[in-house]
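K.L.:
Sequence:
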Amino acid sequence: MALLPIDDSTPPVGPTPSIASSGTPGVAGALEAYRQKDMTKVRFKAIGNAPIMRQNYYRITASNRFQAVIQFLRKELGWKAADPLFTYINSAFSPTPDDTVANLYKCFATEGHLIVNYSSTAAWG
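Per this note's numbering, residue 297 is the first one in the sequence shown, and the count goes up by one each step.
Hints were generated in silico from the structure; no laboratory data involved.
Incorrect hints may have been included.
What the hints assert, rightly or not - Estimated spans, in silico, between C-beta atoms of each pair:
1. Ala324 x Trp375: 36 to 42 Å
2. Ala388 x Ala324: 17 to 23 Å
3. Asn352 x Gly325: 17 to 23 Å
To be verified - Dumping the calculated DSBU-like pairs for lysine-lysine here, alpha-carbon to alpha-carbon at most 35 Å:
4. Lys337 x Lys371
5. Lys402 x Lys376
6. Lys337 x Lys402
7. Lys341 x Lys371
8. Lys402 x Lys341
9. Lys376 x Lys341
10. Lys371 x Lys402
Glycine included, every Cβ here is placed at the ideal spot set by N, Cα and C.
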């Protein structure tokens, strides 16, 4: 393993005094801002005889696959993996589990929410 000498002409690593004193957020602030930006609002609506959830609005990480939404919904409803669960976006189509939430939100968001309809029986299509 060889150590390389430090060149005095290279700027120091880390925030410069002007940035640190100007009040801009640091790395932790930037990470938190990114996490907030990466969140998507999801609204769940029951269809047919499916039980209505106590809370309908949730925030989910946009980079998740839709499979994560399905698993979350099963957990919230207390349904087992063998229980039938049909999910639809905007009462129109059933997304594949490998679609990303961000892509679905970008294409099909309504009033700032991704509306996910769920049912225990096939409702559309």
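K.L.:
Given the hint that Lys337 pairs with Lys371, does the C-alpha gap stay at or below 35 Å?
P.N.:
It holds: about 18 Å lies between the C-alpha atoms, which stays within 35 Å.
K.L.:
If I claimed the Cβ atoms of Ala388 and Ala324 lie 17 to 23 Å apart, would that claim hold in this structure?
P.N.:
41 Å, violated
K.L.:
Can you confirm whether the C-alpha distance between Lys376 and Lys341 stays at or below 35 Å?
P.N.:
Holds, at about 19 Å.
K.L.:
Can the suggested window of 17 to 23 Å be confirmed for the beta-carbon pair Asn352 and Gly325?
P.N.:
At 31 Å between Cβs, range violated.
K.L.:
Ala324 and Trp375, beta-carbon distance inside 36 to 42 Å?
P.N.:
For Ala324 and Trp375 the Cβ distance comes to about 38 Å; the hint holds.
K.L.:
Under the criterion that the straight-line Cα-Cα distance not exceed 35 Å, is the pair Lys402, Lys341 satisfied?
P.N.:
19 Å, holds
K.L.:
Holds or violated: Lys341 and Lys371, Cα atoms, limit 35 Å.
P.N.:
Satisfied, since the Cα-Cα distance of roughly 16 Å is no more than 35 Å.
K.L.:
Holds or violated: are the alpha carbons of Lys337 and Lys402 at most 35 Å from each other?
P.N.:
Distance of about 12 Å is within 35 Å: holds.
K.L.:
Can you confirm whether the C-alpha distance between Lys402 and Lys376 stays at or below 35 Å?
P.N.:
30 Å, holds
K.L.:
Holds or violated: Lys371 with Lys402, Cα cutoff 35 Å?
P.N.:
Measuring from Cα to Cα gives roughly 26 Å; hence the hint holds.
Checked against the numbered hints above, the structure violates hints 2, 3; every other hint is satisfied.
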